[in-house]
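A.B. asks: Residue numbers (my numbering), protein chains in the order written: chain A, 37 to 315; chain B, 42 to 344; chain C, 44 to 304.
Because the hints were derived from the structure by calculation, they are not lab data.
A portion of the hints provided could be inaccurate.
Incomplete in silico selection of chain B near chain C, CB under 8 Å [what the hints assert, rightly or not]:
#: 1; residue: 204
#: 2; residue: 245
#: 3; residue: 260
#: 4; residue: 265
#: 5; residue: 312
#: 6; residue: 323
#: 7; residue: 341
Which chain C residues stay away from chain B? Per the calculated CB distances, all over 12 Å, these [as the list claims (entries may be wrong)]:
#: 8; residue: 197
#: 9; residue: 228
#: 10; residue: 254
Just so you know, even glycine gets a beta-carbon here, dropped at the ideal spot from N, CA and C.
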Amino acid sequence: MADPAISIRNLTKLYPIPFRREQVRAVHDLSLTVEPGQVYGLLGPNGSGKSTTMKIILGLVSPTAGNTQIFGRDSSEVDSREEVGFLPENPYFYKYLTGEETLRFFGKLCGIRGAALKERARELLKLVGLEDAANRRLGGYSKGMLQRIGLAQALVQEPRLLVLDEPTAGVDPAGSREILDLILELKTRGITILLCSHLLGQVQEICDRVGILHRGKLVREGKLADLISVESQTQLILENASPELLARIEADIAGAGATLVEKTKPQTTLERFFLEVTK
Amino acid sequence: MELETVSRSHVRHQFFSFGRVGAIASNTVLELVRLKVFYFVLIFGLLLLGCSFFMTNFDIDEQFRMLKDVSLGSMSIITWMLAVLATAMLLPKDTEDRTLYTILAKPVPRFEYLLGKLCGVFILLLISTLVMSAIFAAMLFIREQTAISQAIKGAGRVLSSKEIGEVTQGIRAETFTWALVPGIISIYVKAALFSALTLLISTFASSWIFTIVISAAIYVIGHIEPIARDYWLTQHGASPLTKVFLALISLFFPDLQLFNLVDDIVAGNAIALALFLKTMALGGVYALVYFFLAYFVFAKKEL
Amino acid sequence: MKPKRRIPPIIPVTLALLLFGAVKLPIEQSLDDAHRASFFRGAKLTLGLREQIGQGAFLAALSGYRSLVADLLFLGAFTAWERTDWGKLVVLCNNVTALQPRVIKYWEMSVCYMAYDASVAARNNPRLPREALRIKAERQYWDLGRDFVERGIRNNPDRWKLYERLAILMKDKYQNHAAASEAFTKVSRFKDAPEYAKRFAAYELSYCEGREAEAYALLLRYFNQGPQERLPTLIARLKALEEKLSIPPEQRIYIPARNHH
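One chain only, chain A, in its complex shape (with noise of 0.2 Å):
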């Protein structure tokens, strides 16, 4: 069988106060497993531990109990990370460099090197549309553009996991929708990815699992469809229903009890009719 891409046994981090005997409990005997091919979604307010489990998973920073593995390899193991590509949130790299230049560090802290490199380089800056601006310097980059170059950044040595930090933040829809498409390219091709954003809706569309953390605690896990589906309701979508169909159907739900919540017009999304509007 397998190893799962993620699992993590009765974490637990705590940090000392200075000069003080208490402790502030930022992860509290967090248990997950996170399978290959997944896109799993990390959720939670400001300040529930998502932070501090991705740098536990990343191996920036060591647990105080319980650990954390990346397929079967413990990930305070420098070798574990080569299985791994990060995105931080608002991704800053050395301003001076170009996108070719950044790839390229990048790359060579992987062992990629020579014609290897070079080529991979051109092909993620084509991957993420960022061909045209190869040889700027990032520097003079928008917000959007760097996003773009962090996730090529985090897939340079081909990874099999991919941690996300709030990906599309600050990015505007257009450029939200392409990053969205790429994650689940990605997740086609078999690389997991490990999600966290505050972005519910984008989270609904493309996560197939999500756990939710609260004060270091994780209070809710397992498939999305699961997770928010309304058990005791039903919903019909109906197309040139006429008016006495709609009669009928209000009358054999009335007579078998039961209880017509609501009937109203179903409506797009604002993102889909933005996109229709600025295409």
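Mind docking chains B and C on chain A? Use the hints.
C.D. replies: For chains B and C alone, kept in the frame of chain A given last:
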């Protein structure tokens, strides 16, 4: 956007990679150069130019000695300032900009990250020292040629080639001699030692200003250390508290006077190769110790 | 659950530095001794000097900019010389030589300023009405000059220039030909000494009462070494000594007459 199929081209994780260290080091040099630290070198060049105009009232040998003193003194302070300023900014800047997370999220051991950063500063210091040495040598050469032509003209008669040779040799003995090279190397080694020390301080410090202030204080104390050491080891009448204080200074701080060779080299002293190599080796050991202690702190640091 | 109490890293780092300090201390001490034996680090940076040159200059001198500070003070000395401020000049010369004891020029200039310039100024000082006082002041400046050259020699025993300066001072001012001869002899023992030094030692010896025979033997030996030694002064001194010592004619040196075509 479409994703093309690419082959897995990266190598297996290496325990230690010169390539990773080199990538971080070269990036650090670029970063520091872009901070316009090389303007210091420009100031150096201007200082020398100004100095040479100012000295024309003096004898040839006094002029050359002053030119050497100003050049080597400026080189010493500029290299030290570059070392401290460049190193003090390394970690805080990466942490504040979060590039530190992006880099360490790659399979890059913290040791290599720190080593790469420090090597970048060492390379910057080497480039600066070489550029300043070239400017210094050029100024010496120009003054030397001017002095030779003035001496030949000032003789008041046509000199024989033997006499011209003697005049030239006499003036050349006052300008560039190979004995200056150990002095310049010692300036570089002292700056490199300080860079490693500043890195150690920055792993503890809460801000880069604090790092710079502490480094500057250690610079002064390090030059007084030999006096404290002499007093501690030879004075028997001092109070126990004084002895403890002097002992702590002697043990904690490096003897920076060991690396101040230029004053006596300009005065005509030449240092024996064996003694010079031993002194530089001690500087290298200091830098290594400070680096490893910095790594010890950084390895366990919560980011 | 309590987090494991981590020892703050400053504690092991401090202990490591102390341990390293214990190891490096004897190495530094031995290197320091080796440097001093090679005439490095001979400057005496005392509290007295600090009071004279000020805190900033003293700190700069301590921090490895001794030579720069000495240069600046030397410029000040030059200015004091131009203004004939001899009192200030003495102080500055002392400071400069304390900071850079291995720069021969500083010692030489100090000797010249004191024994040649200040002494002459004192001898001609209109503010001193009595000749005896003026002579006394002149001699005090000679002694100051001598003190400088002797201290310079103690700091630079491996160099001949200051021995030569001492010899010239003894000859010019003290008329002490024996001391001058002795100093020139010391110069001649250095490998890189000028070749005239041995001759000058013999010339000075030739002026010493009771040592004419010794001087004659030396000068004759040089004369017999070949034409390169038969310089006019040497020949003149030999001739003078031949007269003084009543050397028989057949033993006197022969100088062929010059052909004046």
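A.B. asks: With reference to the structure, classify each hint as holding or not holding.
C.D. replies: Here's how the hints hold up against the structure:
1. Here the hint on residue 204 of chain B is broken, as its CB sits about 17 Å from the closest CB of chain C, past 8 Å.
2. Proximity of residue 245 of chain B to chain C holds as hinted, the smallest CB-CB distance being about 6 Å (cut-off 8 Å).
3. At a threshold of 8 Å, the smallest CB-CB gap from residue 260 of chain B to chain C is about 7 Å, leaving the interface hint in force.
4. Hint status for residue 265 of chain B relative to chain C: holds, with the closest Cβ pair at about 6 Å, below 8 Å.
5. For residue 312 of chain B, the shortest C-beta to C-beta distance to chain C is roughly 6 Å, which falls under 8 Å, so the interface hint holds.
6. Interface restraint check: residue 323 of chain B against chain C, minimum CB-CB distance 6 Å, threshold 8 Å, status holds.
7. The interface hint given for residue 341 of chain B holds, since its Cβ lies 7 Å from the closest Cβ of chain C, which is under the 8 Å cut-off.
8. Against chain B, the non-interface label of residue 197 of chain C holds: every CB pair exceeds 12 Å, the least being about 15 Å.
9. With a least CB separation of 23 Å from chain B, residue 228 of chain C remains clear of the 12 Å interface cut-off, as annotated.
10. Separation of residue 254 of chain C from chain B is adequate, the least Cβ-Cβ distance of about 35 Å exceeding the 12 Å criterion.
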